[in-house]
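As given, the protein sequences belong to chains Y and S, one line each in that order.
Sequential numbering from 149 applies to the first sequence in this note's numbering.
Sequential numbering from 149 applies to the second sequence in this note's numbering.
Some hints here could point you the wrong way.
If several chains are the same, the list does not tell them apart, and a pair holds so long as it fits within one copy or across any two.
Said to hold, decoys possible - Simulated pairs of lysine to aspartate or glutamate, EDC-like, Cα-Cα distance not exceeding 16 Å:
1) Lys421 - Glu400
2) Lys281 - Glu429
3) Lys418 - Asp432
4) Lys418 - Glu429
Hints in this document: simulated from the structure, not taken from any laboratory.
None of the values given here were measured: they were computed from a predicted structure.
Number of protein chains: 2
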Amino acid sequence: MTVCASAHLTDDERLDWLRLIRSQNVGPRTFRALIDRYGNARDALAALPQLARRGGASAPGRICTRAEAEREMVAASAAGVTFVALGEPDYPSRLAMIDDVPPLIAVRGELAALTRPTVAIVGARNASAAGIKFAERLARELGEAGLVVASGLARGIDAAAHRGSLVTGTVAAIAGGHNSIYPPEHAALTDAIAENGVVLSEMPLDHEPRARDFPRRNRLISGLAAGVVVIEAAQRSGSLITARMALEQGREVFAVPGSPLDPRCEGTNKLLKEGATPVTEAADVTTALRPIFERPLQLSAQEPDHLLARGEPKEPSEPTDDQRNCLVALLGPTLVGIDDLIRISGLPPAIVRSVLLELELAGRLERHGGGLVSLVPTI
Amino acid sequence: MTVCASAHLTDDERLDWLRLIRSQNVGPRTFRALIDRYGNARDALAALPQLARRGGASAPGRICTRAEAEREMVAASAAGVTFVALGEPDYPSRLAMIDDVPPLIAVRGELAALTRPTVAIVGARNASAAGIKFAERLARELGEAGLVVASGLARGIDAAAHRGSLVTGTVAAIAGGHNSIYPPEHAALTDAIAENGVVLSEMPLDHEPRARDFPRRNRLISGLAAGVVVIEAAQRSGSLITARMALEQGREVFAVPGSPLDPRCEGTNKLLKEGATPVTEAADVTTALRPIFERPLQLSAQEPDHLLARGEPKEPSEPTDDQRNCLVALLGPTLVGIDDLIRISGLPPAIVRSVLLELELAGRLERHGGGLVSLVPTI
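Model the full assembly from the supplied sequences, consistent with the hints where possible.
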């Protein structure tokens with residue numbers, strides 16, 4: 149298989165990728181499994197109905213049509229949004245390493261900001277005046293130190309972080325589509341961000357963000373960055389979810405200390421107790437991240453370039469009904485590791501992966517982080 | 149040598165100890181060296197003039213007379229102050245382990261508080277309202293958890309820590325004498341402290357504290373405790389000195405996080421960066437200290453009980469003039485380790501220690517922490 153790091157998709161391939169990721173029951177991990185199995189998105193699309201049927205779907209999942217994908221492309225272009233595919237040169241190299249990397253990102257702005265050293269700043273929406281002031285200052289100083297600042301466009305700390313780094317470059321990872329900016333009053337801020345930075349979404353252009361989209365989006369904020377600075381975060385807040393994702397992704401976690409009497413600092417102080425690096429000035433961040441930026445990125449086993457390699461598909465592993473039934477019997481609503489499934493079933497790994505893919509496309513399987521899967525409970 | 153952990157000094161011995169520690173050029177370390185060499189305070193007192201002369205003193209240092217010591221004893225008794233000697237059962241066991249342990253402490257109050265598990269709370273004099281509130285709450289909760297709270301009677305955090313633990317027991321280590329409480333407005337507070345706790349001083353009863361007495365006093369605060377909690381401390385503040393002494397004494401250091409925009413939190417946040425344990429509630433302290441309190445105290449090599457053992461004095465090592473001159477030539481205003489002096493001079497350790505003792509009593513040598521000494525510059 150030829151690895152070509154500077155490959156670009158053709159327009160047709162990009163359309164197929166968009167169709168595939170926009171099809172029902174296809175998430176980032178399924179997308180990857182399908183390309184692994186079929187070698188390209190077009191063949192994967194063709195195989196979807198059969199796979200879903202084998203997985204036990206009563207009705208096949210809805211496949212995004214060519215016309216729909218073309219309409220999204222046209223609308224995106226009109227909105228100044230382009231699609232960058234995993235493996236293409238403009239794709240952020242750290243984001244490419246995460247477990248559930250989005251195969252296509254919809255981006256608007258100065259794309260060069262996507263490939264520069266990046267640090268994330270996140271925090272409370274109901275931040276204190278001091279917190280907002282500190283966030284803006286820290287973002288400005290980190291920007292002046294040569295870093296791009298990533299955040300989530302939320303009210304409070306996020307917006308302050310973007311504002312502080314508008315000139316030097318900032319990336320906003322948003323939970324909805326580009327035509328459905330949330331909160332609405334930040335529409336003007338996104339225009340300012342796009343001047344020297346990027347607004348980034350993995351969602352369809354008109355997608356209105358729902359509650360569950362925000363934790364999903366948080367993995368992009370931490371994924372873009374080598375480290376995440378949390379400024380003011382209550383217990384059980386979204387910022388702590390971002391910090392947890394950062395840890396899972398092997399990112400540095402920084403926390404700004406605050407008064408124990410301020411509930412907005414409970415989350416950040418908890419992070420400090422758990423070993424996060426305290427931050428009171430930009431140098432605390434740059435000192436810790438410099439060696440990380442100086443190290444070449446370690447490509448993971450799931451090295452993204454091969455997605456564009458247009459190589460031969462892997463030998464399609466066709467599971468038998470017995471194998472399928474055996475695995476379904478082993479699965480349940482409790483999370484189980486794919487490794488354990490392989491070991492306990494005694495089946496070849498390729499067969500297990502094929503069955504899981506089928507079940508997922510049938511809407512019967514959920515994938516979680518860390519190689520864990522569970523059966524979707526049927527009521 | 150017989151070790152008798154529950155030994156008490158006789159009244160005569162206590163008077164000799166008081167005379168010796170109140171004599172010129174005799175600090176805690178010299179006191180120890182003298183007892184080591186002469187076996188008891190009376191013989192050490194008798195040897196002082198000769199030792200100082202050998203050390204090159206133009207005039208012998210002033211020796212505290214028996215009458216003076218008796219007057220201090222009487223005045224102390226009138227003020228409700230008693231003297232506890234190192235090695236006596238009421239002497240705080242952790243304080244007994246420090247390098248420059250005071251041989252006699254003048255104490256007033258409920259002496260049982262001296263031998264209970266202790267934690268120190270120190271912080272800014274110009275503390276914020278939030279800091280004072282937090283200090284008082286933390287002290288109360290630590291007291292309720294069974295700990296004695298030690299602090300330094302200063303305005304701000306110290307006073308709040310004492311107030312919060314008046315009922316459960318608190319120890320104030322003061323820089324002046326018992327009849328010269330500083331700040332004066334805390335005289336009433338010392339009375340309240342003495343109800344269930346202790347006011348402690350190593351200074352003569354009427355000693356008015358000077359600036360240099362406060363860092364010296366800080367070693368007692370940390371020395372009494374298994375850990376020191378710092379609440380609000382600016383850069384280069386006395387609280388940071390206490391934290392540094394705590395580290396040198398092998399104590400745990402805790403710091404309460406605070407806003408990076410508040411200069412009163414610069415010192416505490418710096419401690420966090422250096423690895424201090426963050427504290428936002430009493431459990432953070434008790435959890436960290438519990439295993440330490442459960443461990444039996446490791447007696448150091450300089451085990452204090454032998455001071456009361458009334459054993460034979462060590463073979464007095466009489467340095468020759470050549471040996472004395474050799475060492476003086478090696479010494480200078482730059483700090484040097486006693487170990488290095490022994491190695492470089494090639495002299496027996498007992499001889500080196502004897503010469504240093506003589507020089508110190510002659511007012512020509514200064515001892516620093518960590519076994520370092522330097523010659524006092526002559527103008």
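Against the structure, the hints come out as follows:
1. For a Cα distance limit of 16 Å, the shortest separation of Lys421 from Glu400 qualifies both inside one copy, at 15 Å, and across copies, at 15 Å.
2. Within a single copy, Lys281 and Glu429 get their C-alpha atoms as close as 13 Å, which meets the 16 Å cut-off; across copies the closest is 27 Å, which misses it.
3. In this assembly of identical chains, Lys418 and Asp432 lie within 16 Å of each other by CA distance solely across copies; the values are 11 Å between and 18 Å within a copy.
4. For a Cα distance limit of 16 Å, the shortest separation of Lys418 from Glu429 across copies, 11 Å, qualifies, whereas the shortest one inside one copy, 19 Å, does not.
Figure legend: structure checked against the earlier numbered hints; every hint is met.
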